[in-house]
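Colleague: Sequence:
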Amino acid sequence: MKGTHLGEFEELVLLTVGVLEDDAYGVTVTEAMQEQTGRAITISTVHTALYRLEKKGFVSSKLDGATKARGGRRKRLYTITSAGHAALVESRGLRDKLWGQMPNYQFEFIGRL
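At position 11 of the sequence shown (counting the first as 1) the number is 1121 in the working numbering, and the numbers step up by one without a gap.
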């Protein structure tokens, strides 16, 4: 379907939301993704992806209560939806199918991997 496919970054954000369960908000998603991927990721990039995923129906969000630790600000918590889970399953299935068709190439590597 148009507009419902997952790009690589969106897929990583969606997977991270699923892994974090009830503690998925911008900061925790960003930190977890940086830890898992070793990439420098900005919170604004994560927020943009979360907004797109919510628009596609792959995540839902709700505002959490304000806390003193956050200066009285509320967090927007994200959870994966059944449509989001189905999109991840479909994406994984496609990747597994393609990997299954990959021949066993013999390469000579020069330099670092």
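If you're looking for bench data, these hints aren't it; they were derived computationally from the structure. The structure presented is a predicted model; accordingly, all values stated were derived computationally and were not measured. The C-beta atom is built at its ideal place from N, Cα and C for all residues, glycine as well. Some hints could be false.
Unchecked claim - Below, in silico cross-link-like pairs of lysine-lysine (DSSO-like), each with a Cα-Cα straight-line distance of 27 Å or less:
| hint | residue 1 | residue 2 |
| --- | --- | --- |
| 1 | K1165 | K1185 |
| 2 | K1185 | K1166 |
| 3 | K1207 | K1166 |
| 4 | K1185 | K1172 |
Stated by the list, open to error - Restraint ranges, calculated between C-beta atoms of paired labels, are given here:
| hint | residue 1 | residue 2 | range |
| --- | --- | --- | --- |
| 5 | T1158 | P1213 | 21 to 27 Å |
| 6 | A1150 | N1214 | 21 to 27 Å |
| 7 | G1136 | G1167 | 18 to 24 Å |
| 8 | R1202 | S1154 | 44 to 50 Å |
Colleague: In this structure, is the beta-carbon distance linking G1136 and G1167 contained in 18 to 24 Å?
Modeller: With Cβ atoms ~19 Å apart, the hint holds.
Colleague: Go ahead and decide if the range 21 to 27 Å is satisfied by the Cβ distance of A1150 to N1214.
Modeller: violated (34 Å)
Colleague: Quick check on a hinted range of 44 to 50 Å for R1202 and S1154, using CB atoms only.
Modeller: The hinted range 44 to 50 Å is violated for R1202 and S1154, with Cβ atoms some 28 Å apart.
Colleague: Measure nothing beyond the straight line between the CA atoms of K1165 and K1185; if it is 27 Å or shorter, mark the hint as holding.
Modeller: Since the Cα atoms of K1165 and K1185 sit roughly 19 Å apart, the hinted pair holds (cutoff 27 Å).
Colleague: Take the C-beta atom of T1158 and the C-beta atom of P1213, compute their distance, and say whether it sits inside 21 to 27 Å.
Modeller: Given a distance of about 38 Å, which is not inside 21 to 27 Å, the answer is violated.
Colleague: Within 27 Å, alpha carbon to alpha carbon, are K1185 and K1172?
Modeller: This hinted pair holds, its Cα atoms lying about 8 Å apart.
Colleague: With a cut-off of 27 Å on the C-alpha distance, tell me whether K1185 and K1166 pass.
Modeller: Holds. K1185 to K1166 sits at ~21 Å (cutoff 27 Å).
Colleague: Check whether the Cα positions of K1207 and K1166 lie no farther apart than 27 Å.
Modeller: Since the Cα atoms of K1207 and K1166 sit roughly 25 Å apart, the hinted pair holds (cutoff 27 Å).
Violated hints for the displayed structure, listed by number in ascending order: 5, 6, 8.
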